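Enquirer: Sequence:
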Amino acid sequence: MVKSEIIDKLVERLASQAYNITKRDETKYFYRLGVVSIYAIWEGFMHNFLESYIKYINSLELEITNTNVNMLTFYFDSYLDMKSPRVQHNTKKELTKNILHMSKNKLLFDLGKDKDLVNKLLKSNVNYKILENIFLCLSLDISSVAAYQDLLNKLLNFRNKISHGENAIVVNKEEVSSFIEMIENIMLDIVIIVENAVESKSYCEDQVPVICS
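If you're matching positions, the sequence shown starts at 1 in the numbering used here and goes up one per residue.
It is worth saying that the hints were derived from the structure and are not from the lab. Since the model is a prediction, treat every value here as computed from it, not as a measurement. Cβ coordinates follow ideal geometry from the N, Cα and C atoms, glycine included. Please note that a few of the clues may not be correct.
Claimed, not checked - Label pairs and their in silico Cβ distance ranges: (1) Asn133 with Ala168: 29 to 35 angstroms; (2) Asn153 with Lys97: 37 to 43 angstroms; (3) Ser37 with Glu132: 23 to 29 angstroms; (4) Ser37 with Asp189: 19 to 25 angstroms.
Construct the complete structure from the given sequences, taking the supplied hints into account.
Expert: Shown next as structure tokens:
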């Protein structure tokens, strides 16, 4: 059998399978597709939110000494990869020199050519644990979205299983509706959280808030 015939047979077989699935259980298929789409909206929102907020922080040109310690830790780590082990004295010395050098300048995150910093935070898997870490890094208060933890994790669990081809996962109408409502609410709450953070200057060191602009 020539190559073109093999391809034609494969396409025909896949088309037949897709038709049979649709005829047999069209509704369940679209519910599963809905889960993937809902998560895509969620991750897209988080990507845009992070990019916009980090750009806003950069525009403030904060002094290092007046920056909240959580955000400062994230800032140094974004440049210096502080998770890397430094056993030898010389590597520790280089880290110290870099921190001292950066401390003389304004706070300025490097988003990267392909938004590498944002992607590093999101990890393409924005469950509640990832969200919690993002909020900690950016000195944001997560308490008002803590109620979404279980449902957000459930959405991620469903999405990951569906994306990995686990056909045993069953999604019903009520679950899709609850995912939609949850994502709408959590996105609105995050907007409010950011507005409050900007107003209260949560990115500033607590002891010297008046110095921030």
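Enquirer: Work down the list of hints and note, for each, if the structure agrees.
Expert: Hints, verified against the model:
no.: 1; hint: Asn133 with Ala168: 29 to 35 angstroms; in the structure: 31 angstroms, holds
no.: 2; hint: Asn153 with Lys97: 37 to 43 angstroms; in the structure: 41 angstroms, holds
no.: 3; hint: Ser37 with Glu132: 23 to 29 angstroms; in the structure: 24 angstroms, holds
no.: 4; hint: Ser37 with Asp189: 19 to 25 angstroms; in the structure: 21 angstroms, holds
The structure agrees with every numbered hint stated previously.
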